[in-house]
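Q: These are the residues of each chain, in order.
There are 2 protein chains.
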Amino acid sequence: MKPLKIAVAGLGTVGMGVLTCLAKGGEALAQRAGRELQVVAINARSRGKDRGMVLDHIPWTDDPVALARSDADVVVELIGGEGGVALDLAKAALSAGKHFVTANKALLATHGAALAALAEKNRSALRFEAAVAGGIPIVKAMRESFVGYGVRSVRGILNGTCNYILTRMEATGNEFADALAEAQRLGFAEADPELDVGGGDTAHKLALLASLAFGTAPDLAQMSVTGIRHLTYDDIRFAHEFGYRIKLLGIARQMPHGIDQRVQPAMVKIGTPLADVDGAFNAVMADVGEAGPYFFEGRGAGAAPTASAVVADIVDVARGANGPCFGVPAAELSALTPALPDSRRAAFYLRFAVLDMPGVLAEIAGRLAESGVSIESMIQRGRSPGEPVAIVMITHESPEPAVARALKVIAASDKVLGNPCMIPMETG
Amino acid sequence: MKPLKIAVAGLGTVGMGVLTCLAKGGEALAQRAGRELQVVAINARSRGKDRGMVLDHIPWTDDPVALARSDADVVVELIGGEGGVALDLAKAALSAGKHFVTANKALLATHGAALAALAEKNRSALRFEAAVAGGIPIVKAMRESFVGYGVRSVRGILNGTCNYILTRMEATGNEFADALAEAQRLGFAEADPELDVGGGDTAHKLALLASLAFGTAPDLAQMSVTGIRHLTYDDIRFAHEFGYRIKLLGIARQMPHGIDQRVQPAMVKIGTPLADVDGAFNAVMADVGEAGPYFFEGRGAGAAPTASAVVADIVDVARGANGPCFGVPAAELSALTPALPDSRRAAFYLRFAVLDMPGVLAEIAGRLAESGVSIESMIQRGRSPGEPVAIVMITHESPEPAVARALKVIAASDKVLGNPCMIPMETG
Numbered sequence: 186m187k188p189l190k191i192a193v194a195g196l197g198t199v200g201m202g203v204l205t206c207l208a209k210g211g212e213a214l215a216q217r218a219g220r221e222l223q224v225v226a227i228n229a230r231s232r233g234k235d236r237g238m239v240l241d242h243i244p245w246t247d248d249p250v251a252l253a254r255s256d257a258d259v260v261v262e263l264i265g266g267e268g269g270v271a272l273d274l275a276k277a278a279l280s281a282g283k284h285f286v287t288a289n290k291a292l293l294a295t296h297g298a299a300l301a302a303l304a305e306k307n308r309s310a311l312r313f314e315a316a317v318a319g320g321i322p323i324v325k326a327m328r329e330s331f332v333g334y335g336v337r338s339v340r341g342i343l344n345g346t347c348n349y350i351l352t353r354m355e356a357t358g359n360e361f362a363d364a365l366a367e368a369q370r371l372g373f374a375e376a377d378p379e380l381d382v383g384g385g386d387t388a389h390k391l392a393l394l395a396s397l398a399f400g401t402a403p404d405l406a407q408m409s410v411t412g413i414r415h416l417t418y419d420d421i422r423f424a425h426e427f428g429y430r431i432k433l434l435g436i437a438r439q440m441p442h443g444i445d446q447r448v449q450p451a452m453v454k455i456g457t458p459l460a461d462v463d464g465a466f467n468a469v470m471a472d473v474g475e476a477g478p479y480f481f482e483g484r485g486a487g488a489a490p491t492a493s494a495v496v497a498d499i500v501d502v503a504r505g506a507n508g509p510c511f512g513v514p515a516a517e518l519s520a521l522t523p524a525l526p527d528s529r530r531a532a533f534y535l536r537f538a539v540l541d542m543p544g545v546l547a548e549i550a551g552r553l554a555e556s557g558v559s560i561e562s563m564i565q566r567g568r569s570p571g572e573p574v575a576i577v578m579i580t581h582e583s584p585e586p587a588v589a590r591a592l593k594v595i596a597a598s599d600k601v602l603g604n605p606c607m608i609p610m611e612t613g
Numbered sequence: 186m187k188p189l190k191i192a193v194a195g196l197g198t199v200g201m202g203v204l205t206c207l208a209k210g211g212e213a214l215a216q217r218a219g220r221e222l223q224v225v226a227i228n229a230r231s232r233g234k235d236r237g238m239v240l241d242h243i244p245w246t247d248d249p250v251a252l253a254r255s256d257a258d259v260v261v262e263l264i265g266g267e268g269g270v271a272l273d274l275a276k277a278a279l280s281a282g283k284h285f286v287t288a289n290k291a292l293l294a295t296h297g298a299a300l301a302a303l304a305e306k307n308r309s310a311l312r313f314e315a316a317v318a319g320g321i322p323i324v325k326a327m328r329e330s331f332v333g334y335g336v337r338s339v340r341g342i343l344n345g346t347c348n349y350i351l352t353r354m355e356a357t358g359n360e361f362a363d364a365l366a367e368a369q370r371l372g373f374a375e376a377d378p379e380l381d382v383g384g385g386d387t388a389h390k391l392a393l394l395a396s397l398a399f400g401t402a403p404d405l406a407q408m409s410v411t412g413i414r415h416l417t418y419d420d421i422r423f424a425h426e427f428g429y430r431i432k433l434l435g436i437a438r439q440m441p442h443g444i445d446q447r448v449q450p451a452m453v454k455i456g457t458p459l460a461d462v463d464g465a466f467n468a469v470m471a472d473v474g475e476a477g478p479y480f481f482e483g484r485g486a487g488a489a490p491t492a493s494a495v496v497a498d499i500v501d502v503a504r505g506a507n508g509p510c511f512g513v514p515a516a517e518l519s520a521l522t523p524a525l526p527d528s529r530r531a532a533f534y535l536r537f538a539v540l541d542m543p544g545v546l547a548e549i550a551g552r553l554a555e556s557g558v559s560i561e562s563m564i565q566r567g568r569s570p571g572e573p574v575a576i577v578m579i580t581h582e583s584p585e586p587a588v589a590r591a592l593k594v595i596a597a598s599d600k601v602l603g604n605p606c607m608i609p610m611e612t613g
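Here the protein sequences come in this chain order: A and B. Counted the way the numbering used here counts, the first sequence spans residues 186 to 613. Counted the way the numbering used here counts, the second sequence spans residues 186 to 613.
Since no wrong hints were added, every one of them can be taken at face value.
Each pair may be met inside one copy or between any two copies, as identical chains are not told apart.
Derived EDC-like pairs (lysine to aspartate or glutamate); straight-line CA-CA distance at most 20 Å: (1) K209 - D472; (2) K187 - E517; (3) K187 - E221.
Quick caveat, the hints were computed from the structure, so don't treat them as lab data.
Pulled out of the complex, with its shape left as it was, chain A reads as follows (with noise of 0.2 Å):
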């Protein structure tokens, strides 16, 4: 069989990796993929720059849409961004008939319905299994093997930074901002960190699964998202007090009449899988009714763990995959539906800093049983006079948008300082 013929968009850490798997796999891999995989353009901002590698060999582009017109049959794209150069080479390479294989979760997230279409219509594949929790084939057992009986849930820890964050915190007793510091010193997160600690990336991975998993277009409006900045340690402490781990969690649900799409910190059972996933560790819990549920861990970043995905892929181009790439042919993606506010119930977590003065617990209490929300377990603590008190509690299963209407009151309140902090409990 003839080799596949590959370009290559992309050389930073990811792409390096890709590189300098296909050149190691050699004929093991060749194998595995059923001929030979030939790189025979690679593209990156800088010619120049030494990546510790030598690629004087392989044809040199300095446009990276120029790839679409190469004669590659696969066009890897490892740019990242929505848009750009990434949008522009999907489109370019899906229209010339190329197979295109991406670790780009913002592009897909944007504009997976369209490039799905695009490639279905060229009869090229589309695969991004690197997309999604780096190395974890959590994008090909979504999309071929909880078929039969459907996903009903997906929650995952998808971003390794805020999961190392969280981590430490709790492993040093440091806030968000030493613990933020720390990880940038180390490389666990970008010099600007908002997209992760901001919940973005999540977000975009989030709705990449969801699609997936219910045969919805990739939708980031109809998606609720909050970060991790505004969380304490004191939160992770209580936290540990009530048996629970708080962890961002993007979580995609079929309720009775739409999809719940959330990323959010939650409390995580210590002692269920999602609360023992440790460090810039991603995993992925999938509810399949009764077949299930499946639990998948492993690496979600890194050179290895991104570029064995992206080779996964790859391989699966050359052995001839090329079903939908959300699983559903892209005419037949339905537009995605939300949940009604009202169907989200939970037991919350919720965080008050308050005025140490008399009729401040009555005044909360007051307030969240107009709502209807019933108080299930409470703990006061760190009383020194003048300072400002924390009440914690766990409400009774409510309604979410009654506990944040009630929240919305108290912070109103001259006795409550700052915003309360409220935080699921999310069971099973």
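Could you slot chain B onto chain A? The hints should help.
A: Same frame as chain A, now just chain B:
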């Protein structure tokens, strides 16, 4: 596109699970498969048996092998057994150019290479996701997702019956026989439990995982297999004191000079993922070098999880997937070279039942020292006059044959009762 026509042989729990799943899947499943999935023939031993579902509309065949002559595109074999009718049907179906999907680990562990060759010769797909770890898509992941860096070792809890028994022994303090009886009462163990508790079922599954990992023909002969019958509650309790839990693992490892395949109880450190797999769940840990590790956990048996895997294979077939069933072409599957016995090194848990008399500890320690085995820690407990005493040790890392040799000598002492128990400590 034309419907995919399916014949199902075997209408036990899993067979009925598959029929139910296909019947309920309807439009959504057809969308995933890219075509309608149509059951055109069924077979089981007894036609009259009440199976809780009306089957009158599906053509019945008394002879399973006759399904190979039906107009089905794919034959699903859920009869079981390493030879006999299942083998006859596999050969007949593949020879007739039909795709073949099976949950039969014994069949493939024994005849996998030959059937893979037959499938390729006839351009038929041979798929067996349900044969290993039920609904966990580990076969697909090993075959398709970890190909870039290659699998260095795979370790799995692959038998839910054994894991259930070990979990219950720990929870209740019961001995093996009582826990087995409970498992049988609750339907977690067969009336004849030998295939499960003797390790044979795990061995079948491990042979398939090893083949997928290393490109070798499945090889049951080059495998050391120990079950769980000899484990006592004492072992579980002592393990806990050392911070470990005992799990029956199937382990396949690439060693410097060959592949080590073994099924055996192992000490797994509490707090690592495999140690936390409870009850009838299954789990697999794959080491893929710098790209990993990856951990998968889920339901390893039962109607829905197994049917989920079977239906995923059917959908793959419907989509035209037809790569080599063990990841590399059948003709290129290599013979498995077993690792050198001395290359297997581990720290070992050792338990001796001894008479409470002077010199017994000196004798045991002396024999171990003669074999070059040194002791890392020791517990001696349960001393009541006249009763046998348990001496428990953890050795430093040692070659397994040296420890086994020493134990053989020690077992011959008239101060030592019964066979010493020897369990390796798994790291990582």
